[in-house]
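Novice: The lines below spell out each chain.
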Amino acid sequence: MAGNTLESRMRGKLAAKFFARFKRSISLLITFGPVGIVNAAYNFNFPEPVTPIARETLHIHNEFMLIITILFVVVFAIMIYSMIKHRKSVGHQPASFTGPRSALQWLWVLIPFAILLFIDFVLMGIPAVKAIVTMEDTKTRADMVLKVTGMQWKWQYEYPEAGIKFISTLATPREQIANAEAKGEHYLLEVDNPVVLPVGKKVRILLTSTDVIHTWWVPQFGVKRDAIPGFLRETWVLIEKPGTYRGQCAELCGKDHGFMPVVVHAVPEPEYLAWLDQKKAEAKAAAGGADRTWSSEELMATGKDIYEKQCVACHQASGLGLPPAFPALAGSKVVNTPLLDMNGKIIKDSHVDRVMNGKPGTAMQAFRNTLSDVELAAVITYERNSFGNHRGDMIQPAQIKALR
Amino acid sequence: MSSVTTTHPAEPHGEYHPGGLLRWLTTTNHKDIGTMYMTFSLIMFFVGGIMILAVRAELFQPGLQLMKPEFFNQLIGVHALVMIFAALMPAATGFANWMIPLMIGAPDMALPRLNNWGFWLLPPAAILLTLPFSLALLGFGDGAIATGWTFYAPLSVQGGWGVDFAILAVHILGISSIMGSINIIVTIFNMRAPGMTMMKLPLFAWGWLITAFLLIATLPVLAGAVTMLLTDRHFGTHFFDAAGGGDPILFQHLFWFFGHPEVYILLLPVWGLMPHVLSTFSRKPIYGYKAQVYSFIAIGVLSVVVWAHHFFTAGMPVPALIYFMFSTMAISLPLAVLFFCWIATMWKGAMSFETPMLFAVGFIVLFGIAGLTGLILADVAADAQYHHSYFVVAHFHYALFAGGIMGVMTGVYYWLPKWTGHMYNETLGKLHFWLTVISFNLTFIPQFFLGLAGMPRRIPDYALQFAEFNAISTVGAFILGVSQLLFAWNVWACVRGGKKAAGRSWEGAEGLEWELPSPPPHHSWEVQPQIK
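Read top to bottom, the protein sequences are chains U and C. Oh and the first sequence: position 130 is 321 in this note's numbering, straight run, nothing missing. Oh and the second sequence: position 294 is 299 in this note's numbering, straight run, nothing missing.
For the record, the hints were derived by calculation from the structure and aren't laboratory data. Treat the numbers as computed from the prediction; the structure is a model and nothing was measured. There may be inaccurate statements among the hints.
Unchecked claim - The calculated DMTMM-like cross-link candidates involving lysine to aspartate or glutamate, where the alpha carbons are at most 25 Å apart (straight line), are:
id : chain 1 : residue 1 : chain 2 : residue 2
1  : U       : 279       : C       : 512
2  : U       : 276       : C       : 75
3  : U       : 495       : U       : 584
4  : C       : 73        : U       : 372
5  : U       : 539       : C       : 246
6  : U       : 321       : U       : 431
7  : C       : 537       : C       : 37
8  : U       : 276       : C       : 431
9  : U       : 279       : C       : 113
10 : U       : 495       : U       : 383
Claimed, not checked - If you want the footprint, here are the derived chain C segments under chain U, 3+ residues with CB under 8 Å:
id : stretch
11 : 98–106
12 : 145–154
13 : 246–253
14 : 285–292
We put the beta carbon where it would ideally sit given N, CA and C, even for glycine.
Just chain U, with the same shape it has in the complex:
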C-alpha cells in the first residue's frame, strides 16, 4: 500500500522534481564524488558548543570516539591479519586449540579484558560521572528561571520573575513545506517569537508539557530534556556567546513533531533587559484590552490571526480538519452550541468549554492558560462565524475574564 501511494504520486509534477534531484545526487556521487563531498554542507561532528556543558560533552565525545576508533582498528587489524595468513588457499594447516593452554596465553586473554575494564570504569567512567554531576546541578547560583511548556506543536516560554509568557510557533510558511515556494535559509528552524536569554547568566530551565511528552533540544547548548505532562523536569544553560541558536523537539509527539523548532536569541544583558521591558509593556497593553468592548470586526481580524497560528495545524485553513483524529469545525456540533448559559457560566462540552479546557485524551488542548482573554474571545468568535458557520454572535474578552 505504501507502494501504491508511491506509484500514484510518481505520476504527479513532484515526481519530475524528485527524479531531477535524484539524478543530481547520483551524478554528484558518482561523477564528482570527491569534489561534491568536499563542497557540500557536511557536518561530521557536533555543532560549535556555546555552553560549558556543550563544550564538556564535545570533549567527552571526541575522546570516546578516539578510544573506540583505536579499539576498532586494533581488534580488526588482528582479525584481518588472521584472515590473510590463516587461509586454506595459502595452505595454512588448522590448529586445534580450544582455549588458553599456558600462563602466557592466559595473560593474552586477560590483558584485553583488563584494558576494557579500565576504559569502561576509569577512562570513560570518571569524566562521565563528573559531567553528570555538573549537568544535573541546576540550582547552584542560578541567575534566573525560564519555564518551558511543550504543547502540540509549539512551545510556551514563561519568565516567572518578570511575569511574562508567550507562545513560539513555526514561522516557515506552509508553501515552503509543500515545495510550492523556494525554501528559506532557516527552513523549519525559524519561529515567530524566539526566546531571548542573556549571555553569561546561569539560566535554570523548568520543563513541563500540557499534552504528550516533548523534548527540548538545542544542540549547541548540549542540553536535551523531556517535557513531561504533569511533572516538572529541569536543566540549565549558561550561554557564553551572543547569537541565534536553533534546535527542535526531539521526542515523537504526534503529527507535527517535525515542525516545532526551538529558537533562542542570546543577547548581552542590557539588550535582554530592554527586551523584557518591551514584552512587559506589550503584556500590559494586551491585558488592558480585555476590559473594553471589542467590535465584531476587530474580534474577527484578531481571531483569524490566532486561528492561523494556534489551530490551523489540526483543524486546517479550511476548517475541515483531518477527521477522525482532528474533527472539522465547519458545521461542527460543538462550535454550534450556545456561547454561555443564562448566568454567563460555561456550559459543559460547549464551544467555549472545549476551547478553554480542551478534551482530555485527545490532541485538543486547554487554551485557558496559553491564550489571553482577548485572544480566546477573538478565536472563539472567529470560529463561530467562519467556514460556513453563521452563528452571528460574539463573545467579549471581558466575559472570558469573568470565567477565569
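Chain U is fixed; fit chain C onto it per the hints.
Specialist: Chain C alone, transformed into the frame defined by chain U:
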C-alpha cells in the same frame, strides 16, 4: 564434537501426511514448522522493508513530497514492529525449530501441537498490525499506530484505533513467543541425546536457551504495560496520566524493562550460531566454549538491570543515572569475551570464505561498530546529545540489521544445504553479501553524522543542512532493499533444485545435524544417537 553410534534406518510406518494446505495447517513436524517460520519471516522482512523505503523516499529531500506526517509516523512505527516481532523473532524461532532437534539428537520438539499453535498465531497478529492501513484506505479509522514502536503514553492514549490493533497484535505475538520459549526450554532440558550434558550442548542451543528465559521473564511485563495502556484508553484508568495520579514515565520503565532484553532476545540466537559457522569455515574447533556459555548467561542477567539507559533525558536522580550508566557499560565485558572467542576461533585456522563465512565476518565487524557506539551511548553526558537523534537510529541498525538480520542470513546460507538438500548459488550469494554490506554502510554511516549534527529521529521533514546526508542515505537504502531480492531469489532457487548437497555439506562442519543426510528425513533421530 562427538561421534554417533547409530545410522538412521528408514521408518515408513505410522507416517500420515495430509496434502496441500491442510498439511501446513495441521503439521506438528518441527521441520515443517521451522520452514513456515522462516517463510513468514522472509515475507514480513519485505513488508517492513517496503514501509521503510517509502519513508526513505520521503526523506530523500527536504519538504513533504509523498506523504503526510501522520502517515509517515505510522510507517516508521509499524516498520519497527514488523521487523522486530514479525521478521527477526520468527526467523530465530524458525532456526530453533529446524535446528535444535537436529543438533541435540531429538526426534522432534517436546510439545509439537503447542509448536503448531505458536506459529499459526503469527499471521493473525501480522494482519492486526497492518490491517489499519487498509481500513484507512477504505475510509475507516485514521490508520495504523503512529506513536513509533515504543507506544509511549500519553501519545498512545491519544492515538486512534491503530493503537488498539497494535496492542492486540503485541499480545498475540507475545503469547506465541512465550509458547515457543516454553517448547525450546522443555526440549533442551529433556530431549538431549544420551550423553549430551549441558556443557556439551551446541552453543546455538545455549544462546536460544537464554533467549527463551529472557522472553518468559520480560514479555509479561510488556503485556502488562500495553494492557494498562488499553485500560487508560478505554476504561477510565490513569496509570499514565498525572491528572489521575499516574506517571507517563512509568510506561517507559515498563516498556524498556522488556525492550532492552528484547535486543538480546534478538541477538543471542545469532551469537549462538556464529561460533558454529566460524568453526566450520576455519576448520578448527570452537574457541572458549565455556567462556561463551558464561558470557551468554552474564549478558542475559545484565540485560534486565540496565533498561533506564533508554530514557536518560527523561530526568532521573543522579545516583540512578550513574547506576544505569555503569551497569550498561558492564555489558561490554561479556560481549568483549564473545568477540575475543570469535576471532580466536578464526585464529590459526584454515579459512575459506564461502557466503556464510563472509556474512559471519561482516557480522563481526559491523556488529563491532554497534557495540562500540553502544558503549559511548551509555555515557549519560554524551547521551544527552546522541539520544533521540539519528545517531541512535544508526547505532541500533548496526545492532539489529548488521547484528540481527545479517546474522540470520549467515545461518540461512549455512544451513540451507541441510534444509533443502541443494547447494545455493555461491556467486549470487557473494554478490548479495557485497551489495548488502556496501549499501548498508552507505545507508547508515551518514545517519551517524546526521545525528551528531543535530537531526532528531522520527521527523518527516528536515532543515536544509541535513539534505546531503539524507540523500546519500536514501540511495543506500534503495540499493540495500533491492539487493535483498537476490537473497529471496537464491533461497527460492535452492529450494527448487541445484547441486546435490552432501550430509556434511561443508568440509569443516561438526555436529549432529551434519551426521544426517541432506535434506534430513521427515522424522529424524527416532533412535537417539549416543554421545561419547
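Novice: Indicate, hint by hint, whether the structure satisfies it.
Specialist: Going down the list of hints, with the structure as the test:
no.	hint	in the structure
1	279(U) x 512(C)	holds (11 Å)
2	276(U) x 75(C)	violated (54 Å)
3	495(U) x 584(U)	holds (16 Å)
4	73(C) x 372(U)	holds (18 Å)
5	539(U) x 246(C)	holds (22 Å)
6	321(U) x 431(U)	holds (21 Å)
7	537(C) x 37(C)	violated (30 Å)
8	276(U) x 431(C)	holds (23 Å)
9	279(U) x 113(C)	violated (37 Å)
10	495(U) x 383(U)	holds (16 Å)
11	98–106	violated (count 0)
12	145–154	holds (count 5)
13	246–253	holds (count 5)
14	285–292	holds (count 6)
In this structure, the hints that do not hold are numbers 2, 7, 9 and 11, in rising order.
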